[in-house]
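The opening residue of the sequence shown carries number 1286 in our numbering; numbering runs sequentially from there.
No wet-lab data here; the hints were simulated from the structure.
Treat the hints with care, as some may be off.
Derived Cβ-Cβ restraints for the label pairs, each shown as a range [unchecked claim]: (1) His1357 / Asp1378: 15 to 23 Å; (2) Asp1297 / Ala1384: 32 to 40 Å; (3) Val1323 / Val1388: 17 to 25 Å; (4) Thr1341 / Pro1307: 22 to 30 Å.
Just so we're clear, the structure is a prediction, and the values are computed from it rather than from any experiment.
We put the beta carbon where it would ideally sit given N, CA and C, even for glycine.
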Amino acid sequence: MSGDVAMRALGDNFPTPTFENPAWVTPTPLAEAKVAIVTSAAIHTTDDDRFSQGDTSYRFVPREARDLVLGHWSPNFDRTGFTLDLNVVYPIDRLEELAEQGVIGSIA
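Make a model of the complete structure from these sequences and hints.
This is the structure we're talking about:
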């Protein structure tokens, strides 16, 4: 069984919560919104401590940082795209373009 098949089988049986009365919040218009990136790819700067397997901590990545390390532990994770273009897993350049164009309000 491949890693992808095993992960999907695990997810199929994973309990998920249901909410009787979910709260609704009208979102801010995107052109006024502050947008942040949250990723599970274990990205960190070269000065940060590395992630260890099973690590549930997080790292703050400064907006201007581009010398990032990908510390994702999954053996099935193809790092080729990240190696060629940081924006594959951390689309900061695309967000900056959207902010400059007024599509989003700002970047956190």
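Results for each hint:
no.	hint	verdict
1	His1357 / Asp1378: 15 to 23 Å	holds, 20 Å
2	Asp1297 / Ala1384: 32 to 40 Å	holds, 39 Å
3	Val1323 / Val1388: 17 to 25 Å	holds, 19 Å
4	Thr1341 / Pro1307: 22 to 30 Å	holds, 26 Å
This entry satisfies every hint, going by the numbered hints stated previously.
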